[in-house]
Amino acid sequence: MNTEKSPGFIRLSTTTIAEVAARAAVHIEGVRDDFERLLKAVELFRGEDALPHGEKVPLEAQDLVVRLRITVSASAPSFFLVAQRVQRSVFDALYSRLGIVPSRVHVEVQNVDWSDLDGRG
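Just so we're aligned, residue 273 is where the sequence shown starts under our numbering, counting upward by one.
Derived by calculation from the structure, the hints in this document are not laboratory data. Misleading hints may appear alongside valid ones.
DEER-style ranges, computed between Cβ atoms [said to hold, decoys possible]:
| no. | residue 1 | residue 2 | range |
| --- | --- | --- | --- |
| 1 | GLU332 | GLN356 | 35 to 41 Å |
| 2 | LYS277 | GLY371 | 26 to 32 Å |
| 3 | PHE307 | GLU276 | 41 to 47 Å |
| 4 | PHE352 | LYS277 | 47 to 53 Å |
| 5 | GLU380 | SER347 | 15 to 21 Å |
| 6 | ARG376 | GLY326 | 20 to 26 Å |
| 7 | GLU291 | ASP321 | 17 to 23 Å |
| 8 | HIS325 | HIS378 | 16 to 22 Å |
Given the structure is predicted, the values throughout are model-derived calculations rather than measurements. Where is the CB? At the ideal position from N, CA and C, for every residue including glycine.
Using the sequences plus the hints, can you model the full thing?
Shown next as structure tokens:
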């Protein structure tokens, strides 16, 4: 007879996951979105299936995909580098703060804020 007890499970709300992802992205130099806008721009998937707001995700989920749309500053030297830094920051934050290892973090540069070029662009 096995007397060992299971410690139970850990599940995380998609809301919590999205908040951590948005907070990780908001401070990256070249990102023009504020936290609230980034929070709305985070989409989570398990494989191909979109996860609704408030859904619970098991900590051990191997197929979590994060998609984040960002606006970058036109004065950023490289839009690609901004997106790459966001990607790395989101991945690292999800792992270090929540213990989640997403299978992918997709970053889409949705808009460019040309206003900071003061009419020079």
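Verification of the supplied hints:
{"no.": "1", "hint": "GLU332 - GLN356: 35 to 41 Å", "result": "violated, 27 Å"}
{"no.": "2", "hint": "LYS277 - GLY371: 26 to 32 Å", "result": "violated, 21 Å"}
{"no.": "3", "hint": "PHE307 - GLU276: 41 to 47 Å", "result": "holds, 43 Å"}
{"no.": "4", "hint": "PHE352 - LYS277: 47 to 53 Å", "result": "holds, 50 Å"}
{"no.": "5", "hint": "GLU380 - SER347: 15 to 21 Å", "result": "holds, 20 Å"}
{"no.": "6", "hint": "ARG376 - GLY326: 20 to 26 Å", "result": "holds, 22 Å"}
{"no.": "7", "hint": "GLU291 - ASP321: 17 to 23 Å", "result": "holds, 21 Å"}
{"no.": "8", "hint": "HIS325 - HIS378: 16 to 22 Å", "result": "holds, 19 Å"}
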